Amino acid sequence: MSSFHLDTALATWRRSLSTNRTFSNDDLDELEQHLRDQIAELVKDGQSEKAAFDQAMATMGEYGAVEREYEKVYWEKLRRRGLLQNELSWKLLMFKNYLRTALRNLDRQRIPTAINIVGLAIGLACCLLITRYVLFEVSYDRFHTQADQIYRVVVEEQSPEGTTETLRGPNALPDLLTSTYPDVADASRLVQLWDGIFDAGGTQYRETTFFAADPSLFAVFDLTLVQGDAQTALATPNSLILTTVAATRYFGDRDPMGETLTFTYEGAYEFVVTGVMEPLPENSHVHFDFLTSFAHVEEIFGHAETQTWDYNFATTYLALRDDANAAALSAQLRDLLDQHFPEASNAHLHLQPLPGIHLYSNLPDEFETPGNLAYLYLFSGIGLLILLIACINFMNLATARSVNRAKEVGVRKVLGANRGDLVYQFLGEALLLTGTALVLAVGFAVLAMPAFNALVGRNLSLFGSQQALFALALVGVGLLVGVLAGSYPAFYLSAFQPNRVLKGVFGMGRRSLLLRKGLVVMQFTISIVLLAGILVMQKQFTFMQDKALGYEADELVYLTTPQRREPTNVPLYQSTLEAMPGVLQVTASSGVPGSGQPFNGRFETHAEGMAPDARAEVIPVFAEGNFAETMGFSFVAGRDFSLDFPSDSTQSLVVNEAAVRAWGLHDPVGKEVTLYRNGDALATLRIIGVVEDFHYASLHAPIQPMMFLYRRVHTRPYLIARLSAERLAETLAGLGEAWPTLAPEWPLELTFLNDTLDDMYVRDQQLARLMNLFTGLALIIACLGLFGLASFTAEQRTKEVGVRKVLGASVPNVAMLLSTDFLKLVGMAFVLAIPLAYFAMTRWLESFAYRVEIGPGVFVLTGVLALLVALLTVGYQSIKAALANPVKSLRYE
Amino acid sequence: MISKALVAASLKPFILSILADGESYGYEIIQRVHDLTGGQVQWTTGTLYPLLHSLENKNLLESFWREADAGPRRKYYRLTAKGYKALATEKQQWLSIHEALLKLWGPSPTLSPA
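Chains as they are written, first to last, in my numbering: chain L, -1 to 891; chain S, 11 to 124.
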């Protein structure tokens, strides 16, 4: 007969609901009686008990819907009866249970937990540092209240060779702009004045941040005057505003207002302190300690003269009215110059928004080195990748360890937990770990901040400015990482079928295994790309260090002499220095490799044999006759300047090979070259010698055509001395002693050429060091994960290893067996990483005019290194497992 | 069959009206409604009881278990004073809608197009 028993069926039905707290016993009694009544009636009508039961269940309504209805009433009841507290305390109890379970689990698996937390903390710490850096870089000039209304005027000059942009515009611009365009609320000029010495009653310092501006600068910028009045502080030519820092330097605690400071450069000028201001914040694109009125500049050069096109040196800043349309104004401005300056037919103006200057503007005459947008993207990307690697560790270890949690999931489910509860539980655990890692990360970041600051050349503090935003970012990142890293394990674990896991039928899902392997490959792909990257960088830097520059830079020092409009006593310096023991040779020139243009602009030149209208741009260097010899240039043709030929100083040229190529000369020596400036022929000179190409600028830039003119140097002359390598310290001391007698008002500025050359690569070196750091960290985190997985696998396969050993497998056999799986993954990552690294590094190398070939060697080295690191990581666990005594592992069978 | 929305809306007045006739229990209420409407209105068990509990929460009903002499224990519901008031309100609302609709449908057969 039928095996259906009504009482059993009802009891089963009742049990299925009894785990749900929204159904009280009372409710179930009531529902059960209802079902019994209904079934009795149906049976009376002639149905079987089973059919009647099924029909009664059907009229109950959809399973989920009934629960929901009861739940609604349940909460209503709680609210009404003031039992909400009970419910919450029940939740708290559950939370306590979750927390206890989590802590027990973490404690039981200390190594994976430590790997997770430390890995995440390192990744998060990287992110924190990088976030700080990025936030700082994008905050430049935002401190001005009307930052979005402020613009800088850029002058672009068009020539057949292309467009050059400069910040030095006509001094008449502010007046012109405010009177022509009603949208311009205020405009001010700003110009950096000479380096020189300030003297306040005997307290002397050499200062390099002396600027001049119009009083209206106060209307454009947010400058905080501690003392003095913005209306009058820059009213007279001899007024001077100091920063609080400078004021303390010169006056200590004394009140600086009204005090006199003497400034010496070409002459002595007296200034009276009319204001004291707060120094501009670090995230300003310009900084000055001393600010005088632009009237001072006009007084020196004469007002009428400074209005002419030849006196373009001031940078103009504008503040627009709130409702102004900057784009439209910028378009209108374009042809303003043409109408007012006859020389400016090829010059146009455009506006540059102030907050964009730091990251988007890189003009040759910026006041300070601008930021690097590409680095910003690069660092952000790397930070995210490192975090990703750490998240992958978390996911992999959690899913790998899931076997241990499977039974717990089974028991919880049997006791009435639904999937949602479990997802929350595991997500909560992930957040707990992330939270701990975050606290640790803040600690790491605080500790690493000084080193990081040194690397990026900034002065950041973790909890400095923008605290609210940063704290928000911190919590946001924590939550994001917790959810990101925790959601996969949470959904994976909570999907276990209780009947299967509790019976012990627990197949490691093939899919999850595949995913885990895929994630490991991803981690190592990222790490290997970074590794290949730093190796290529290393190769390029070695190449640059070894590259023959075309001169002998060792033991070459140069001295900066006072800048004067009158010819200086350079020959006197020269002969004094030459007389010193230990000084081999002394020369003077308008430029030194690595220190910028040797002359303001280029000459247009025309060489014999070129088409009559053809011109080639060549950079002139004005130098003493022995310049080439002192520098150690080697001649490929002709001769150096010589005192034996008196005409050399007026009629001869020594040029480099690039210049010969530019002129298209085959037999250059003896050929005539005519120099032009603004279309007028200046002189015709004869080539007497050709030097081998040498690197005047950095290896980023191709070698430019250059020519040496044997002339007295009038502006910015450098004295270049080749010293004897022996007794170098003595010679340097001697130079220091002799200097005050030569230029009493000018401090000795002596630089080794090698240092200057290194300075050209400061940014490259900075990038290299940061990349080394990040790559190291990425590798460490990836290896931590691999270590965790390897130890887990070794543990899982303990019995297998035992059996294999009993059957005669050797230790190396077993160790190899356990390692190969992982090494295969690293190998796969390597294959994926090569094209990525090749692409990225080719792009990077393109920024160098002189660069290495990437070549297969780098990749071989990368592969070997990656495999070695992986082998070391996995090997320890594998050998440990292989060495284990099989008796121990098999005893409990 | 009557639409789901209308059935849902009529739940409360039905329950209040049936209980106004005297105390009753869930199954009986469903049966009464079934008989009254000639099977046109079918309630699912899963919606009736939560509503009864909800009305009880709002103090419109009160419930008690009654041991029958010759039968099982059943949970009975009866109206409270507040429940009677609520019924009056419900009645008024349903009637005003009813009357309004009647006026529209009225004696003239406007329902069918001429």
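Don't take every hint at face value.
[Claimed, not checked] Here are the computed lysine-lysine pairs in the DSS-like style, where the Cα-Cα straight-line distance is at most 25 Å: (1) S:Lys95 <-> L:Lys42; (2) L:Lys70 <-> L:Lys515; (3) L:Lys70 <-> S:Lys113; (4) S:Lys85 <-> S:Lys113; (5) L:Lys878 <-> L:Lys822; (6) L:Lys537 <-> S:Lys68; (7) L:Lys537 <-> S:Lys101; (8) S:Lys85 <-> L:Lys70; (9) S:Lys113 <-> S:Lys101; (10) L:Lys501 <-> L:Lys94; (11) S:Lys95 <-> S:Lys22; (12) S:Lys92 <-> L:Lys886; (13) L:Lys822 <-> S:Lys14; (14) L:Lys797 <-> L:Lys501; (15) L:Lys515 <-> L:Lys886; (16) L:Lys75 <-> S:Lys22; (17) S:Lys92 <-> S:Lys68; (18) L:Lys75 <-> S:Lys113; (19) S:Lys92 <-> L:Lys405; (20) S:Lys92 <-> S:Lys113; (21) S:Lys22 <-> S:Lys101; (22) S:Lys95 <-> L:Lys878.
Source of the hints: derived by calculation from the structure; they are not laboratory data. For clarity, every value in this text was computed on a predicted model and none was experimentally measured.
These are the hints, each one checked on the structure:
no.: 1; hint: S:Lys95 <-> L:Lys42; result: 39 Å, violated
no.: 2; hint: L:Lys70 <-> L:Lys515; result: 45 Å, violated
no.: 3; hint: L:Lys70 <-> S:Lys113; result: 39 Å, violated
no.: 4; hint: S:Lys85 <-> S:Lys113; result: 42 Å, violated
no.: 5; hint: L:Lys878 <-> L:Lys822; result: 20 Å, holds
no.: 6; hint: L:Lys537 <-> S:Lys68; result: 81 Å, violated
no.: 7; hint: L:Lys537 <-> S:Lys101; result: 92 Å, violated
no.: 8; hint: S:Lys85 <-> L:Lys70; result: 21 Å, holds
no.: 9; hint: S:Lys113 <-> S:Lys101; result: 18 Å, holds
no.: 10; hint: L:Lys501 <-> L:Lys94; result: 28 Å, violated
no.: 11; hint: S:Lys95 <-> S:Lys22; result: 13 Å, holds
no.: 12; hint: S:Lys92 <-> L:Lys886; result: 76 Å, violated
no.: 13; hint: L:Lys822 <-> S:Lys14; result: 62 Å, violated
no.: 14; hint: L:Lys797 <-> L:Lys501; result: 20 Å, holds
no.: 15; hint: L:Lys515 <-> L:Lys886; result: 30 Å, violated
no.: 16; hint: L:Lys75 <-> S:Lys22; result: 18 Å, holds
no.: 17; hint: S:Lys92 <-> S:Lys68; result: 9 Å, holds
no.: 18; hint: L:Lys75 <-> S:Lys113; result: 42 Å, violated
no.: 19; hint: S:Lys92 <-> L:Lys405; result: 53 Å, violated
no.: 20; hint: S:Lys92 <-> S:Lys113; result: 32 Å, violated
no.: 21; hint: S:Lys22 <-> S:Lys101; result: 11 Å, holds
no.: 22; hint: S:Lys95 <-> L:Lys878; result: 82 Å, violated
In summary, the structure is inconsistent with hints 1, 2, 3, 4, 6, 7, 10, 12, 13, 15, 18, 19, 20, 22 from the numbered list given earlier, while agreeing with the others.
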